[in-house]
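A.B. asks: Sequence:
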Amino acid sequence: MARYVKRFKRFGHALGPSEERGFALWVGYDIEGVDDDLSAEGLEKAEALTEEELAERGVTTFTPVTLEKLGIKR
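Residue numbers (our numbering): 390 to 463.
Quick caveat, the hints were computed from the structure, so don't treat them as lab data. Keep in mind that a hint or two might mislead.
[To be verified] Here are the simulated DSSO-like pairs of lysine-lysine, each with C-alpha atoms no more than 30 Å apart in a straight line:
1) Lys395 / Lys462
2) Lys458 / Lys434
3) Lys398 / Lys434
4) Lys398 / Lys458
5) Lys458 / Lys395
6) Lys462 / Lys398
Kindly produce the complete structure, drawing on both the sequences and the hints.
C.D. replies: What follows is the structure, encoded as structure tokens:
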């Protein structure tokens with residue numbers, strides 16, 4: 390099993406001029422039976438990141454998934 394993180398870029402609605410209009414959401418995945426480079430799919434290996442880098446991204450948990458569930462065909 391390998392751990393990966395993925396950034397989802399979102400644009401929010403601003404209710405006022407001082408609110409942030411865009412933000413990024415980082416998600417952590419545990420993918421069973423995979424240890425490949427999935428950067429072409431937008432996934433970055435979490436093992437390459439430090440605990441501080443994961444904390445900066447807001448990744449605190451990793452969800453177990455399969456490649457099929459993520460829509461990745463191999």
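A.B. asks: Determine for every hint whether it applies to the structure shown.
C.D. replies: Now the hints, each set against the structure:
1. Lys395 / Lys462: Measuring from Cα to Cα gives roughly 17 Å; hence the hint holds.
2. Lys458 / Lys434: Distance ~18 Å between Lys458 and Lys434 Cα, so the pair holds.
3. Lys398 / Lys434: Given pair Lys398, Lys434 holds - Cα atoms ~18 Å apart, limit 30 Å.
4. Lys398 / Lys458: holds (20 Å)
5. Lys458 / Lys395: At roughly 14 Å apart (the allowed maximum being 30 Å), Lys395 and Lys458 satisfy the hint.
6. Lys462 / Lys398: At roughly 23 Å apart (the allowed maximum being 30 Å), Lys398 and Lys462 satisfy the hint.
Of the numbered hints stated above, none is contradicted by the structure.
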